[in-house]
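Guided by the hints, dock chain B onto chain A, whose structure is given.
If you're matching them up, the sequences are chains A and B in order. The opening residue of the first sequence carries number 1 in the numbering used here; numbering runs sequentially from there. The opening residue of the second sequence carries number 144 in the numbering used here; numbering runs sequentially from there.
Treat the hints with care, since some could be wrong.
In the PhoX-like style, the derived pairs of lysine-lysine whose C-alpha atoms are separated by at most 25 Å in a straight line are [claimed, not checked]:
| no. | chain 1 | residue 1 | chain 2 | residue 2 |
| --- | --- | --- | --- | --- |
| 1 | A | Lys21 | B | Lys229 |
| 2 | A | Lys31 | A | Lys116 |
| 3 | B | Lys152 | B | Lys217 |
| 4 | B | Lys152 | A | Lys17 |
| 5 | A | Lys62 | A | Lys32 |
| 6 | B | Lys217 | B | Lys229 |
| 7 | A | Lys62 | B | Lys217 |
| 8 | B | Lys152 | A | Lys31 |
| 9 | A | Lys32 | B | Lys229 |
| 10 | A | Lys21 | A | Lys32 |
| 11 | A | Lys62 | A | Lys21 |
| 12 | A | Lys21 | A | Lys116 |
| 13 | A | Lys116 | A | Lys133 |
| 14 | A | Lys62 | A | Lys116 |
| 15 | A | Lys21 | A | Lys133 |
Facing chain B, from chain A, some residues (calculated, C-beta under 7 Å) [what the hints assert, rightly or not]:
| no. | residue |
| --- | --- |
| 16 | Gly20 |
| 17 | Ala23 |
| 18 | Gln25 |
| 19 | Ala108 |
| 20 | Gly111 |
FYI, nobody ran anything at the bench for these hints, they're computed from the structure. What you are looking at is a predicted structure, and each value in this text was computed from that prediction instead of being measured. Here a beta-carbon is modelled for each residue, glycine too, at the ideal position from N, C-alpha and C.
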Amino acid sequence: MSLICEASFPVRGGDFKDAGKVAVQIKATLKKLGIDPEILRRAAIAAYESEVNIISYARLGKIHLQVDPDRILMNVEDEGPGIEDIELAMRPGYSTASDLIRELGFGAGMGLVNIKHCADEFEITSMVDQGTKLRILIHVPDG
Amino acid sequence: MNLASVVEKLNLRVACGQGGLERPVRGGYAGDLLSDVLANSSEGDLWITRQNHQNIVAVSSLKDHAGILLVQGKEPEADTLEKAVKEGIPILVTELTTFEIAGRLHRLLHGPS
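Chain A extracted, bound-state conformation:
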């Protein structure tokens, strides 16, 4: 299996001003590779929600993008508070976001759910007081 593209995008916690910047970059990268628009949109949503999660909750983090001919893999890692109860965090509408974050239209408790919907394979692991890792895999069909 030949790797088409590999890139790592750092994300700074608390930096709402630039929220979406990395997702836009990832989308542009995938677009250049000629990825199907529907797959592109799913990857972009997953990237955006991951980025916003890092910005909202962690000190810093990164999204590592790896594209093979048949799949897009995003490994998201942050250094932050971690998630105590992952099952609860995955519940639609559950959020620990501050009022400030909610006022901006974030923190609806849909981020992780959105990511899961967009992924063909999704794994989340978290260590309290250390950070959270996501593995997001999207298949790229032939053609």
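Only chain B this time, still in chain A's reference frame:
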């Protein structure tokens, strides 16, 4: 129907993105929760929202919306404008509420039902 016709027929103000008014408007989506808009809006939608801060630009760009329509006379914030100009995303403004303008846009795009 393109954005320019929608602007004219619904009497909208163009805050920025004059150059993008030829874009076709395929539908509309109304929402102020960014995750909801990301998950449920479609390419070519005119996004109706009361959020006027800079984060709306990335959302709209990621979803390939036709443009953003701010309601109740809300002006885009300065850094929103700056980002939208850079990304080439038209931002329009109406004095009407979300309910009123969504109804009119729906009628315009899909006819009276």
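Tested hints:
1. Between Lys21 (chain A) and Lys229 (chain B) the alpha-carbon distance is near 12 Å, which keeps this suggested pair within the 25 Å criterion.
2. With a C-alpha separation of about 21 Å, the suggested pair Lys31 (chain A) and Lys116 (chain A) falls inside the 25 Å cut-off, and the hint holds.
3. Distance hint between Lys152 (chain B) and Lys217 (chain B) is fulfilled; the C-alpha atoms sit about 20 Å from each other, no more than 25 Å.
4. Between the alpha carbons of Lys152 (chain B) and Lys17 (chain A) the distance comes to roughly 34 Å, so the proposed pair goes past 25 Å and is violated.
5. Between Lys62 (chain A) and Lys32 (chain A) the alpha-carbon distance is near 21 Å, which keeps this suggested pair within the 25 Å criterion.
6. Only pairs whose Cα atoms come within 25 Å are accepted, and Lys217 (chain B) paired with Lys229 (chain B) is accepted, the gap being roughly 20 Å.
7. Pair hint Lys62 (chain A) plus Lys217 (chain B) does not hold up; C-alpha atoms about 34 Å apart against a cutoff of 25 Å.
8. Taking the CA atoms of Lys152 (chain B) and Lys31 (chain A), the gap is near 34 Å; set against the 25 Å cutoff, the hint is violated.
9. Proposed proximity of Lys32 (chain A) and Lys229 (chain B) is supported: the alpha carbons are some 19 Å apart, at most 25 Å.
10. With a CA separation close to 17 Å, the supplied pair Lys21 (chain A) and Lys32 (chain A) stays within the 25 Å bound.
11. With a C-alpha separation of about 13 Å, the suggested pair Lys62 (chain A) and Lys21 (chain A) falls inside the 25 Å cut-off, and the hint holds.
12. Between Lys21 (chain A) and Lys116 (chain A) the alpha-carbon distance is near 21 Å, which keeps this suggested pair within the 25 Å criterion.
13. A threshold of 25 Å between alpha carbons decides the hint, and for Lys116 (chain A) with Lys133 (chain A) the separation of about 13 Å falls inside it, so the pair holds.
14. Straight-line distance between C-alpha atoms of Lys62 (chain A) and Lys116 (chain A) comes to about 18 Å, which keeps the hinted pair within the 25 Å bound.
15. Distance check on the hinted pair: Lys21 (chain A) and Lys133 (chain A) sit about 20 Å apart at the alpha-carbon level, within 25 Å; holds.
16. A least Cβ separation of about 2 Å between Gly20 (chain A) and chain B falls short of the 7 Å threshold, and the interface hint therefore holds.
17. Taken as an interface hint, Ala23 (chain A) checks out: its beta carbon lies about 6 Å from the nearest beta carbon of chain B, inside 7 Å.
18. A hinted interface residue such as Gln25 (chain A) counts as satisfied when its beta carbon comes closer than 7 Å to some beta carbon of chain B; here the least separation is about 10 Å, so the hint is violated.
19. Against a cut-off of 7 Å between C-beta atoms, the interface hint on Ala108 (chain A) holds, since the closest Cβ of chain B lies about 4 Å away.
20. Because the beta carbon of Gly111 (chain A) sits about 6 Å from the nearest beta carbon in chain B, less than 7 Å, this interface hint is met.
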